[in-house]
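Peer 1: Using the sequences and the hints given, assemble the complete structure.
Those protein sequence lines, which keep their order, are chains A and B. As numbered in the numbering used here, residues -18 to 172 make up the first sequence, in order. As numbered in the numbering used here, residues 73 to 255 make up the second sequence, in order.
Hints are not guaranteed to be accurate.
Dumping the calculated DSS-like pairs for lysine-lysine here, alpha-carbon to alpha-carbon at most 30 Å [what the hints assert, rightly or not]:
{"hint": "1", "chain 1": "B", "residue 1": "K196", "chain 2": "A", "residue 2": "K(-11)"}
{"hint": "2", "chain 1": "A", "residue 1": "K6", "chain 2": "B", "residue 2": "K169"}
{"hint": "3", "chain 1": "B", "residue 1": "K194", "chain 2": "A", "residue 2": "K90"}
{"hint": "4", "chain 1": "B", "residue 1": "K182", "chain 2": "A", "residue 2": "K87"}
{"hint": "5", "chain 1": "A", "residue 1": "K93", "chain 2": "B", "residue 2": "K196"}
{"hint": "6", "chain 1": "A", "residue 1": "K93", "chain 2": "B", "residue 2": "K159"}
{"hint": "7", "chain 1": "A", "residue 1": "K(-11)", "chain 2": "B", "residue 2": "K231"}
{"hint": "8", "chain 1": "A", "residue 1": "K93", "chain 2": "B", "residue 2": "K231"}
{"hint": "9", "chain 1": "B", "residue 1": "K182", "chain 2": "A", "residue 2": "K79"}
{"hint": "10", "chain 1": "B", "residue 1": "K171", "chain 2": "A", "residue 2": "K93"}
{"hint": "11", "chain 1": "A", "residue 1": "K(-11)", "chain 2": "B", "residue 2": "K182"}
{"hint": "12", "chain 1": "A", "residue 1": "K70", "chain 2": "A", "residue 2": "K87"}
{"hint": "13", "chain 1": "A", "residue 1": "K87", "chain 2": "A", "residue 2": "K6"}
{"hint": "14", "chain 1": "A", "residue 1": "K87", "chain 2": "B", "residue 2": "K159"}
{"hint": "15", "chain 1": "B", "residue 1": "K171", "chain 2": "A", "residue 2": "K90"}
{"hint": "16", "chain 1": "B", "residue 1": "K158", "chain 2": "B", "residue 2": "K169"}
{"hint": "17", "chain 1": "A", "residue 1": "K79", "chain 2": "A", "residue 2": "K90"}
{"hint": "18", "chain 1": "A", "residue 1": "K6", "chain 2": "B", "residue 2": "K196"}
{"hint": "19", "chain 1": "B", "residue 1": "K196", "chain 2": "B", "residue 2": "K182"}
{"hint": "20", "chain 1": "A", "residue 1": "K70", "chain 2": "B", "residue 2": "K182"}
{"hint": "21", "chain 1": "B", "residue 1": "K159", "chain 2": "B", "residue 2": "K171"}
{"hint": "22", "chain 1": "B", "residue 1": "K231", "chain 2": "A", "residue 2": "K6"}
{"hint": "23", "chain 1": "A", "residue 1": "K(-11)", "chain 2": "B", "residue 2": "K245"}
{"hint": "24", "chain 1": "B", "residue 1": "K169", "chain 2": "B", "residue 2": "K245"}
{"hint": "25", "chain 1": "A", "residue 1": "K90", "chain 2": "B", "residue 2": "K245"}
{"hint": "26", "chain 1": "B", "residue 1": "K158", "chain 2": "A", "residue 2": "K87"}
{"hint": "27", "chain 1": "B", "residue 1": "K196", "chain 2": "A", "residue 2": "K87"}
{"hint": "28", "chain 1": "A", "residue 1": "K90", "chain 2": "B", "residue 2": "K158"}
{"hint": "29", "chain 1": "A", "residue 1": "K90", "chain 2": "B", "residue 2": "K231"}
The hints are simulated quantities; they were obtained by calculation from the structure and are not laboratory data.
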Amino acid sequence: MPHIDVDKTLPGIRSLMAFRPETAKPLSALAEILLRDTEGLSPAERELIGTYVSYLNDCFYCHHSHGEIAVCYLDGDRDLVEAVRHNYKEAPISEKLKSLLQIAGKVQKSGKSVTPEDIENARQHGATDRDIHDTVLIAAAFCLFNRYVDGLASIAPQDLSTYPERARQIVEHGYGSHIYSKQAESPKPKA
Amino acid sequence: MAFIDLQNDLPGIRGPMIYRPETGTILNELAEILLHDEDNTLSRGDREMIGAYTSYLNDCFFCQNVHGAMAQHYYECDTQFIDSIKKNFLSADISDKLKSLLTIAGSVQKGGRYVTSEQIEKAKSLGATDREIHDTVLIAAAFCMFNRYVDGLNTWAPKDMQVYIDRAPMRAKEGYSQLGLTK
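Peer 2: Structure, rendered in structure tokens:
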């Protein structure tokens, strides 16, 4: 049961965004630029960072939502997303992405946990200043999103088969206002 | 010394905001609506205090002093009063309603799941509306982002507390959306 009177037909952050569209605007704009920018990190890498941080924060809705979006970008490779969640060090991903996930994991604990060695390690694997900046801000932003979603006890659908359809909406249309409009939950069947 | 070359010497969050104005502008827009917008039944002082308290719990020197000075400006109080709220708000001379909201903010700082139905019911019984509870949770969550952004990139912060006090009236007047981030 959500702590405040939100539209219960909308899941997770979508219900909160519909409740307060004034703040939804910058929050969705932030997600759009951090997760869909193609300069430097790829959208798949960005979504994996968000998924991993959400998993560490134990946010069911966010880690499944963004995990499914990553699956879309990775052409259906759900095993890879699972591997990143549970033990990224052994996952078949680049050393550069591993070094960035290490930074993201530190940011999840606290900004002060990030060490010069973490940064140096990322640089040695080819991370640019911009990659490091975006990694820190993506991880920090998910510390916001996860707390927002769970702090207000928004509804997280338990049926995982409902997540891929919403993920496809994001991949196709981005993080615009369509994600918290009613139509988002009743997509028309494709012709 | 920041972990990356921010290409400017600005303190705290202003450094990375100017470095990456595409996200900086959005972060300021969020701060403006949450902390400065007039369309809110929570006072600017109380909203800044929620941010300062969350930043204090996250041990973020820059943010807790910027926003503590903002709350001090709106409350027209001294630094000691702000410090007394940060350190033990339950025995501070503030309303029970604000205490109930700071309790929720403190839970959010730990993690969203730490917020309990009892904490929410308590705030509601003291007159907090759904939107006030929403904004309290989102302000605390937003500072969990701002604080990590500031410290995760190891930005520098002025040590002289007077700097923060002196800047507060200007920021209160201009708000957060006028920071001029375009290069």
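Peer 1: So, for every hint listed, does it hold in this structure?
Peer 2: Tested hints:
| no. | hint | verdict |
| --- | --- | --- |
| 1 | B:K196 - A:K(-11) | holds (20 Å) |
| 2 | A:K6 - B:K169 | holds (28 Å) |
| 3 | B:K194 - A:K90 | holds (29 Å) |
| 4 | B:K182 - A:K87 | holds (15 Å) |
| 5 | A:K93 - B:K196 | violated (35 Å) |
| 6 | A:K93 - B:K159 | holds (20 Å) |
| 7 | A:K(-11) - B:K231 | violated (47 Å) |
| 8 | A:K93 - B:K231 | holds (17 Å) |
| 9 | B:K182 - A:K79 | holds (26 Å) |
| 10 | B:K171 - A:K93 | holds (28 Å) |
| 11 | A:K(-11) - B:K182 | holds (26 Å) |
| 12 | A:K70 - A:K87 | holds (14 Å) |
| 13 | A:K87 - A:K6 | holds (28 Å) |
| 14 | A:K87 - B:K159 | holds (26 Å) |
| 15 | B:K171 - A:K90 | holds (26 Å) |
| 16 | B:K158 - B:K169 | holds (16 Å) |
| 17 | A:K79 - A:K90 | holds (17 Å) |
| 18 | A:K6 - B:K196 | holds (27 Å) |
| 19 | B:K196 - B:K182 | holds (21 Å) |
| 20 | A:K70 - B:K182 | holds (26 Å) |
| 21 | B:K159 - B:K171 | holds (13 Å) |
| 22 | B:K231 - A:K6 | violated (35 Å) |
| 23 | A:K(-11) - B:K245 | violated (39 Å) |
| 24 | B:K169 - B:K245 | holds (27 Å) |
| 25 | A:K90 - B:K245 | violated (35 Å) |
| 26 | B:K158 - A:K87 | holds (25 Å) |
| 27 | B:K196 - A:K87 | violated (35 Å) |
| 28 | A:K90 - B:K158 | holds (21 Å) |
| 29 | A:K90 - B:K231 | holds (25 Å) |
Going through the hint list in order, the structure does not satisfy hints 5, 7, 22, 23, 25 and 27.
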